Amino acid sequence: MPSQRCLRLLLIEDVDDIQAILRFSLGTLSGWQVFTAKSTQAWFALAQDKLPDVIVVDGDPNAREILIQLKADALTQEIPVICLVSRDRVSDQLQIQQDGAAAIVGKPFDPIALMQIILNIVELDSENEVCP
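Residue 131, in numbering that gives the first Met the number 0, is where the sequence shown stops; the numbers in between run on with no holes.
I should point out that these hints are in silico values taken from the structure, not numbers from a laboratory. Model, not experiment: these values are computed from the prediction. Be a bit skeptical, because a hint or two may be false.
No more than 27 Å apart at the CA atoms, straight line, and that leaves these computed lysine-lysine pairs for DSS-like [unchecked claim]:
1. Lys37 / Lys49
2. Lys70 / Lys37
3. Lys70 / Lys106
4. Lys49 / Lys70
Sequences and hints are given; from them, build the entire structure.
The following block contains the structure:
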């Protein structure tokens, strides 16, 4: 399901294996430009510098703090944030949604389904660049 338009995505994921799988599926398979960071790294500076079309955040354990910081900043507050949260953590899902997440995706998840959720949230219009 490759995209014909370039989408810029910031992936904040602490587990290297999951980060690699998502980078492959969201970058290589879709043709999107994917930037990655861990929640312990300078993810906020990367978000401000790259101004991605969407941010995907692992919901365990720092999603709320990341979401609150993004929504409080004038440069990043309009960027949709998708949080990946364990299916059994319903209270976390509700709180993250109240904090402004554009979508919550239960873990485990299908990367192809995640790609479709991203496409549904981000309107790819003529302002988006064609991917190189």
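Hint by hint, here is what the structure shows:
1. A hinted pair counts as satisfied when its Cα atoms are at most 27 Å apart, and Lys37 with Lys49 qualifies at roughly 16 Å.
2. Only pairs whose Cα atoms come within 27 Å are accepted, and Lys70 paired with Lys37 is accepted, the gap being roughly 19 Å.
3. Restraint check for Lys70 and Lys106: the C-alpha separation of about 23 Å stays at or below 27 Å, so the hint holds.
4. Our distance criterion of 27 Å between C-alpha atoms is met by Lys49 and Lys70, whose separation comes to about 16 Å.
Going through the hint list in order, the structure satisfies each hint without exception.
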